[in-house]
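Protein chains: 2
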Amino acid sequence: MPEKQYLVTPGPTPVPPEVLAAMAKPIIHHRTPQFRALLERLYARLPRIFQTGNDVALLTCAGTGAMESAVANLCSPGDPVLVVAAGFFGERWAAIAEGYGCDVDLIRYEWGETASADDVASRLDERDAKVVFLTHSETSTGVVHDVRELAERCTGAGALVVVDAISSLGAIPLETDAWGLDVVLTSSHKALMCPPGLALASVSNAALEATSRATSPRFYLDWRRTLEAQRKRPPDSAFSPGISLIVGLDAATEILVDEGLEAAYERHRLLGRACRAGVRAMGLELFSPDEDRSAVVTAIRTPPDLDSGEIVLAMRERSGVTIIGGQGELRGKIVRIGHIGYIDVHDVATALSALELALVEAGADVDRGAAVPAALDAYGDGVPV
Amino acid sequence: MPEKQYLVTPGPTPVPPEVLAAMAKPIIHHRTPQFRALLERLYARLPRIFQTGNDVALLTCAGTGAMESAVANLCSPGDPVLVVAAGFFGERWAAIAEGYGCDVDLIRYEWGETASADDVASRLDERDAKVVFLTHSETSTGVVHDVRELAERCTGAGALVVVDAISSLGAIPLETDAWGLDVVLTSSHKALMCPPGLALASVSNAALEATSRATSPRFYLDWRRTLEAQRKRPPDSAFSPGISLIVGLDAATEILVDEGLEAAYERHRLLGRACRAGVRAMGLELFSPDEDRSAVVTAIRTPPDLDSGEIVLAMRERSGVTIIGGQGELRGKIVRIGHIGYIDVHDVATALSALELALVEAGADVDRGAAVPAALDAYGDGVPV
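Protein sequences, first through last, are from chains A and B.
Using numbering that gives the first Met the number 0, the first residue of the first sequence is number 0, and each one after it goes up by one.
Using numbering that gives the first Met the number 0, the first residue of the second sequence is number 0, and each one after it goes up by one.
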């Protein structure tokens with residue numbers, strides 16, 4: 000028998016069997032009444048998940064493609080923009096914006112730090128920005144930013160606010176309209192429980208107006224082309240869409256709205272608590288903040304004499320459990336357990352017990368057997384249905 | 000029981016059950032030894048299908064994204080380029096290149112015409128072009144261009160040659176290196192028998208050198224970023240790749256190389272013959288050329304008093320058979336039967352008999368019962384295994 004695999008990473012995340020089954024049906028053409036009816040239903044459901052009255056553009060690409068779409072659709076060469084970066088993905092904003100010739104002001108925090116709204120406000124006092132690029136959940140560090148507070152300072156300064164919510168949307172609270180977020184991005188393979196290959200961008204009217212003045216070239220990632228097709232009745236697709244993935248996204252988002260956004264947020268909050276409680280009980284040091292908001296990915300410092308990448312490999316070989324190590328400057332120093340999407344507390348417990356086993360076998364000094372009970376106790380009865 | 004569906008379009012094309020089954024397995028992380036081993040195998044197999052020694056960049060996007068990647072990676076604003084367009088997709092080259100600020104020279108043929116190598120040569124005599132953008136199979140009309148001959152004139156004039164082989168690669172002969180093609184593009188949902196969402200671009204050394212001088216902004220579609228990750232051993236992905244689609248592409252391309260490229264070309268040649276023979280037997284007029292090269296999609300004029308879009312709808316409602324109508328200026332005037340990928344002659348016969356039925360019920364004067372035998376006879380014994 001092939002070894003059983005357990006996936007506990009912040010993306011890709013496990014795909015529910017109902018979603019896999021929906022995607023395994025024979026493919027249908029995208030210009031049929033059947034697919035257009037699916038699109039109409041999906042296009043109506045997506046804004047509820049974004050908590051917005053804006054349209055949500057559906058792109059067939061990875062999350063990075065959606066990030067690039069924000070720069071390409073909103074910016075012209077020379078535009079002053081502000082990037083707030085506290086990790087790998089925040090810095091990706093700067094790389095893309097610089098590639099498009101923007102005049103990039105960068106507030107760069109150490110990886111693991113949390114951006115401060117006061118820093119953003121004072122930077123915007125010094126220099127106007129047309130667009131501010133933020134990261135909601137910085138997947139490389141486990142930090143979740145207070146986007147509501149950050150955005151408030153940006154809109155106060157007259158800037159458009161773009162938020163990378165790739166690993167957070169659907170897992171933790173994010174209110175696009177109430178928080179004044181012009182553009183919110185996510186992708187299919189995080190809390191939306193699908194394979195990678197689709198990205199979503201909610202676009203405010205102000206952002207849509209800005210696209211008409213932005214001179215950066217774009218065609219495939221052009222929001223107006225995409226939204227024009229989506230707004231037809233029945234809806235259309237500007238280009239060949241990722242049909243099977245969209246069928247999956249329809250099934251997965253139906254599961255999410257059936258659970259209810261508030262219940263999903265609460266489940267993720269408890270999963271984060273469970274994971275942190277287990278880590279602490281094992282005697283390990285948390286790298287990500289020990290706070291409820293940090294409910295996407297838990298980053299854990301590995302003992303200094305061990306390479307965290309080796310621990311990840313050992314877990315996979317020994318137990319069939321996949322978590323991930325550190326990116327960039329955190330390579331070798333941390334491991335990360337993802338707990339978003341189709342995840343219950345016993346998945347977190349499995350990740351913790353396999354981590355514990357790998358550490359013990361590598362000679363680390365951890366308390367055996369403490370993590371799982373601590374995690375289960377912290378989770379408690381879970382979310383009342 | 001839900002009505003049985005038959006998909007006979009030039010993309011998406013039917014996905015073999017083995018491929019659907021492979022994609023329906025639990026998702027694996029892209030940075031695992033299992034997925035890297037799959038990538039290594041796939042990256043070695045793809046150049047064989049392109050008949051090239053060049054690397055083939057794997058992008059998670061639609062074919063149009065790959066077309067844009069060619070413009071963005073090769074061109075700077077103001078660059079003189081030549082677009083040869085004889086239909087919807089040829090004209091898309093011009094739209095993208097103009098969007099990137101290229102100085103576009105356009106040879107525009109009437110839709111349904113076939114581009115001439117002499118026209119290309121004389122245009123390049125008049126004005127140099129850095130890049131020439133060609134279309135192998137013009138899916139909107141059914142015309143397949145003699146890319147070998149067209150390319151010869153372009154390389155003779157010192158231009159880079161970029162070929163949209165989106166609906167042709169794997170179905171009809173295309174020899175990237177022998178024909179001197181710098182960049183050849185395709186996507187997953189045509190003759191490669193997968194759902195849409197992946198695109199491929201083979202990139203010659205000359206094209207790769209040109210990327211270092213091209214100033215157009217690009218990040219997600221950047222070939223060097225993509226190829227740098229692919230060339231690592233074990234290989235990596237620059238961004239979250241379309242994992243499930245790539246698992247499908249691995250399974251589907253294995254089927255294709257097991258069949259053998261020459262056998263696949265012969266099968267498609269016979270399928271094209273069968274389809275055209277059926278159309279003629281029915282007494283309808285071919286819009287696409289009646290020649291063996293036209294083996295991707297057969298375009299058929301519908302009787303002038305009927306709207307071809309209505310015929311397509313009627314076929315779907317009456318018989319569950321999906322073919323497609325005309326695009327752009329051919330809307331309402333033609334129907335198109337696709338015969339690429341996971342298609343055997345009885346799929347073509349099904350499309351023909353459902354078309355015949357829809358036409359008869361719409362009051363058209365067609366010979367009933369003649370098309371299917373003619374198609375089967377033209378196919379003969381098919382491809383010897």
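Calculated directly from the structure, the hints in this document are not laboratory data.
Don't take every hint at face value.
Copies of the same chain look alike in the list, so a pair counts if it fits in one copy or across any two.
Only pairs whose alpha carbons sit at most 30 Å apart, straight line, appear in this in silico DSSO-like list of lysine-lysine [claimed, not checked]:
(1) Lys24 with Lys3
(2) Lys129 with Lys332
(3) Lys3 with Lys129
(4) Lys3 with Lys332
(5) Lys332 with Lys231
(6) Lys24 with Lys129
(7) Lys231 with Lys3
(8) Lys24 with Lys231
Consistency of the hints with the structure:
With identical chains, the CA atoms of Lys24 and Lys3 are at most 30 Å apart both within one copy (24 Å) and between copies (12 Å). In this assembly of identical chains, Lys129 and Lys332 lie within 30 Å of each other by CA distance neither inside one copy nor across copies; the values are 37 Å within and 48 Å between. For the homomeric pair Lys3 and Lys129, neither the shortest alpha-carbon distance inside one copy (50 Å) nor that between copies (53 Å) is at most 30 Å. For a Cα distance limit of 30 Å, the shortest separation of Lys3 from Lys332 inside one copy, 27 Å, qualifies, whereas the shortest one across copies, 54 Å, does not.
Taking the closest pair of Cα atoms, Lys332 and Lys231 come within 30 Å of each other only across two copies (22 Å); inside a single copy the shortest separation is 50 Å, beyond that limit. In this homomeric assembly, Lys24 and Lys129 never come within 30 Å of each other (Cα to Cα): the closest approach is 45 Å inside a single copy and 45 Å across copies. Taking identical chains as interchangeable, the C-alpha atoms of Lys231 and Lys3 lie at most 30 Å apart only when they sit on different chains, with a minimum of 28 Å there against 45 Å within one chain. Proximity of Lys24 to Lys231 under the C-alpha cut-off of 30 Å is restricted to the intra-copy arrangement: shortest distance 26 Å within a copy versus 35 Å between copies.
Hint violations for this structure: numbers 2, 3 and 6, all remaining hints satisfied.
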